[in-house]
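**Student:** Listed here are the chains, written in short residue letters.
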Amino acid sequence: MSINWYKYASPKTFYPLAGKIIPWCAAGAAILIAYGLYIGLLVAPTDFQQGEGYRIIFVHVPAAWFSMFLYLLMALYAGMGLVFNAKLSYMMATAIAPTGAMFTFLALVTGSLWGKPMWGAWWVWDARLTSELILLFLYIGYFSLQAAIDDKNRADKASAVLAIVGAINVPIIYFSVEWWNTLHQGSSVSLTKAPAMAAIMLQGMLVMAIGFWLYSIAVILMRVRNEITERENKTLQFRQE
Amino acid sequence: LDFSLNNGAVLYLQGENGAGKTTLLRTLCGLTHPYAGGVSWCGEDIKGMAEEYSKNILYIGHLPGIKEDLTAIENLQFSLALLGLKVEKQEVVEVLTALGLAKALHLPTRMLSQGQKRRVLLARLWLQNLSLWILDEPFTALDVAATAMLKQKIESFANAGGIVAMTSHQDFTLNVPHFMQIKLDA
Amino acid sequence: LDFSLNNGAVLYLQGENGAGKTTLLRTLCGLTHPYAGGVSWCGEDIKGMAEEYSKNILYIGHLPGIKEDLTAIENLQFSLALLGLKVEKQEVVEVLTALGLAKALHLPTRMLSQGQKRRVLLARLWLQNLSLWILDEPFTALDVAATAMLKQKIESFANAGGIVAMTSHQDFTLNVPHFMQIKLDA
Amino acid sequence: MAEALLPASKQIGTLSVLYHILVRDIKVALRRQSDVTAVFFFFIIAASLFPLGSGSDPKLLNAMAPSVLWVTALLSCMLSLPRMFASDHADGTLEQILLSNQPAVLIVLMKILAHWLLSGLPLVFVAPLIGLQFNLTGDQLQVLALSLLLGTLALSLIGSIGAALTLGIRGTGVLIAILVLPLYIPVLVFGAGAVNAVSVGMSPNGALSLLGAVLAMALVFAPLASSAALKIALE
Amino acid sequence: MAEALLPASKQIGTLSVLYHILVRDIKVALRRQSDVTAVFFFFIIAASLFPLGSGSDPKLLNAMAPSVLWVTALLSCMLSLPRMFASDHADGTLEQILLSNQPAVLIVLMKILAHWLLSGLPLVFVAPLIGLQFNLTGDQLQVLALSLLLGTLALSLIGSIGAALTLGIRGTGVLIAILVLPLYIPVLVFGAGAVNAVSVGMSPNGALSLLGAVLAMALVFAPLASSAALKIALE
Ligand code: HEM
Ligand SMILES: Nc1ncnc2c1ncn2[C@@H]1O[C@H](COP(=O)(O)OP(=O)(O)OP(=O)(O)O)[C@@H](O)[C@H]1O
Ligand SMILES: Nc1ncnc2c1ncn2[C@@H]1O[C@H](COP(=O)(O)OP(=O)(O)OP(=O)(O)O)[C@@H](O)[C@H]1O
Ligand SMILES: [Mg+2]
Ligand SMILES: [Mg+2]
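Residue numbers (the working numbering), protein chains in the order written: chain A, 1 to 241; chain B, 1 to 186; chain C, 1 to 186; chain D, 1 to 235; chain E, 1 to 235.
Hints in this document: simulated from the structure, not taken from any laboratory.
Treat the hints with care, since some could be wrong.
[Stated by the list, open to error] A few chain D residues facing chain E, derived, Cβ under 8 angstroms:
1. Phe50
2. Gly55
3. Leu60
4. Leu61
5. Asn62
6. Ala63
7. Leu188
8. Val189
9. Asn196
Each residue gets a CB set at the ideal place from its N, CA and C atoms; glycine is no exception.
Next comes chain A alone, as it looks inside the complex (with noise of 0.2 angstroms):
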């Protein structure tokens, strides 16, 4: 992908570009999500162990894996922007960090629900439990520090640098954690010990997981379009004061 955008990396033949994409990508998300929903809560058969309520898992498990990519993507769109002084790579990875926000919440959210019934607690300090915690907070300091410099052009350049050291750090923290764990009694339900997943299962998630990159597609792309419109709208204010 991120070849193709620089190749469109000015604003100009970006913006109509996006505007052509959106809807396609939204209309897809929409599909893929509802038949994916479908699968998993319809199709799918109750699991023998876990009853009805490992159904979230087709929520769960997508959103999980998006937290982790949209970060890293986001990490990868600051660098190009530092390296190529392109405003369009800031904008994208500005874009980029609610959408990622949100499915690592979503991830912590049906995680705990989940977790309620299968370990009889809301939150258990779990290697992945904790790394998916932290991934939040690195989120929140990417927005914090963008939301605290109001010199767009600084903000832009800071909070990719923060991206940046932050994308070092999520490995580290993700085995630090999974170390750290190990050290203890052996930690409560450890989620790389899933049920081998039937394939239909898989399958769900899947489609999911392809409606979740669409629907992310859509919506980063639409945050760009605006913030391009609002930074144009800003420079002629100031031309014509």
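Add chains B, C, D and E with the ligands to chain A, keeping to what the hints say.
**Tutor:** Chains B, C, D and E with the ligands only, in chain A's frame:
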């Protein structure tokens, strides 16, 4: 050193760097307390009547006293509120515009140039109704036009019966009822 | 706007508040990057040779750039070290004394008056060996005597082949090989 | 004199001046949302650090919870103290405020109030969420929230003294800490005490009413002390 | 030109400039001892708060100790971060430093080093004393000190990024916290992990070497990131 100022008087403190002008002005405000001697207002020592006295003063010192995060308008309205004045926004705008800040009205003052910041904080002088101004190097960073406007403002204020105590390193005179120069030497 | 400065040239930027003088000077230092256009030194664009270029500059802006907790001497020695110069303490003392700071040598600069602080940070000019000075309103807060000394220093520097770019709101001229006035308008 | 009666400008009373001060403080803070959200997030993040440090034994966590959460809340309030006066001092606004013809005590009270609304109050609402992570029970959570409601206001009041005393001193953040932490101890003891009481099945009322008493005292004395300290700081 | 060869003034090399920067930072800090002693005392006081918050059950204390002490150390380092660049930025010294003809990365490294010497290192020496209050054993204390020695340096390095990013933004203290705390987590986990390992009778070496690895990475990347951030802050 001993002097007294009546309505319409402008005290112009001169003196080389470190002569003690700022210190003296801050003492006049009651911000620092003199080791010896005292300041009196309408014949009373201000120690006893600090609150009462400060009602009459407008002090502009080396520090800007404006918030870099707020716009010129917000800053001005706030500092007027501190003086106990409520001024219509549109009037504030008029004054700022008259001071050539039309473009800068809605920018956080962080984005203003040195001189533009000074203009914002001086704008107070055009909107207050106090009887004693204490200005420490008010011309700093002002361009020629702004300096002229300020001088004129001070004159009209003094002629209307106001009292001013100020410092500057640029020589100047004002035609006011009573223009008093005092030269401090360290 | 386009100009070039050769040895012995003094660029005197004029312009009302907010005209863009500070911005221009910071661009000359390479502290801000121009949206359009560029700065070149000895025919090369400075982007490529930032480190190299900054070796030649001495910049004095609106901000003091001295630590209020350190004494005048300490501050001066440090800022010279930043320029890559090692200066004997006793020589630093001489210069500060010549600038009338004899009493203030060992006070933390917090205790100095506005103008005394400015003198401390200007003292650098008497001790450096760079080829380009960039001075943003160097006369601010200086009394008459100090202003005269500074003007004279700038002249001797330019006559010795130095280059100066400066702003001020007080009109003045210098007799130097090449005195260039540019008036910015917003 | 001519200016004496500007057409549009009329005198305004103390209350309205105080109101201006409150509103402005909040406005400045909202201008950079970071300020508001920050304390809040700091609390969440810092509180979440402890489990990371101490493995994931639920019993241990539940036992740590009251002290950890209360100490964290205390620290977050403290972290935001320097903001109470420092920036006003640096840019000279404080001089102007004290030269305004209003009683300094009231002005200070306003600034304290603003500080509490922006940094203390939010904690009362998040704390229970974090509490869940330390698997606290319903009653524990309730008492936690209540104790924080009283406690944080007391913290802002007491803290203002430290903030005022350290004005214009660099590296304030840490210095303030040293000054106020000892003063904070009663608040901490009674606040955490209340939650602990519940944990061991006793009534929290005793601790809570003591907390209320501390708050009352702070309300009376803190503003006086702070305004005195401010005047000193400006000399 | 005439000035070109001032008699007494001779060129000095990079190293000596860096040395000047280090010395000056330390000098400024010592000038107001508060700065140096403050972090230190904050650590002591804050750490002592926890026993107050949570009755005095020795077993609970010993179990809490590693996380409490490490988190407290982490917070104290963090509290002193704003000082790393802020004052230099406010008074324009930073401009001057970056205009000096030395590589920014090295300059930043110096300032980080100064920060560590003044705020991180002291903790290494007090921590064991506090550890006694939480009745830690000899081995635990040793490992605690060692982990802090490695850890605090890493904290100063990583923290510098946050400090640089938030330059010139008001209410920094708390914002920095949000930015750096997530980045601090590995340090915390391995640091406290090492001590915990001892508590349960395992070898701390694994944790310690991981801590070392984090430190190494920080040494390489942090100064780069910070100097980039500084340049951005000055534009
Ligand atoms: C707040 C609570 C939770 C959080 C933050 C969380 C987080 C995550 C994350 C980040 C992933 C993606 C990992 C990967 O694909 O590498 C994941 C996957 C998964 N989670 Fe959770 N989870 C939570 C609760 C739960 C619970 C309660 C269960 C069920 C007992 C569960 C079951 C799973 C399963 C089966 C996967 C897929 C595993 C795989 O793809 O290998 N999660 N979760
Ligand atoms: N950080 C900033 N962001 C946006 N605009 C700025 C910023 N700094 C300055 N400006 C704008 O650039 C213009 C020029 O500012 P500059 O400081 O260069 O003026 P100046 O000529 O130095 O004025 P003065 O004589 O008052 O110092 C001003 O109109 C100001 O509003
Ligand atoms: N906080 C302080 N503590 C001790 N001495 C001070 C303090 N502030 C100023 N001084 C001393 O008092 C003397 C007068 O300072 P002041 O600021 O009044 O001079 P000034 O006339 O305003 O000079 P300038 O024209 O440079 O502003 C100076 O010599 C200064 O060293
Ligand atoms: Mg003065
Ligand atoms: Mg300027």
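**Student:** Please go over all the hints and tell whether each is borne out by the structure.
**Tutor:** Hint by hint, here is what the structure shows:
1. Phe50: Hint on D/Phe50: holds, closest Cβ of chain E at ~5 angstroms, below 8 angstroms.
2. Gly55: holds, 6 angstroms
3. Leu60: holds, 5 angstroms
4. Leu61: Violated. Min distance 10 angstroms.
5. Asn62: At about 11 angstroms, which exceeds the 8 angstroms cut-off, the nearest Cβ of chain E leaves the hint on D/Asn62 violated.
6. Ala63: With a minimum Cβ separation of about 5 angstroms from chain E (threshold 8 angstroms), the hint on D/Ala63 holds.
7. Leu188: holds, 6 angstroms
8. Val189: holds, 6 angstroms
9. Asn196: holds, 6 angstroms
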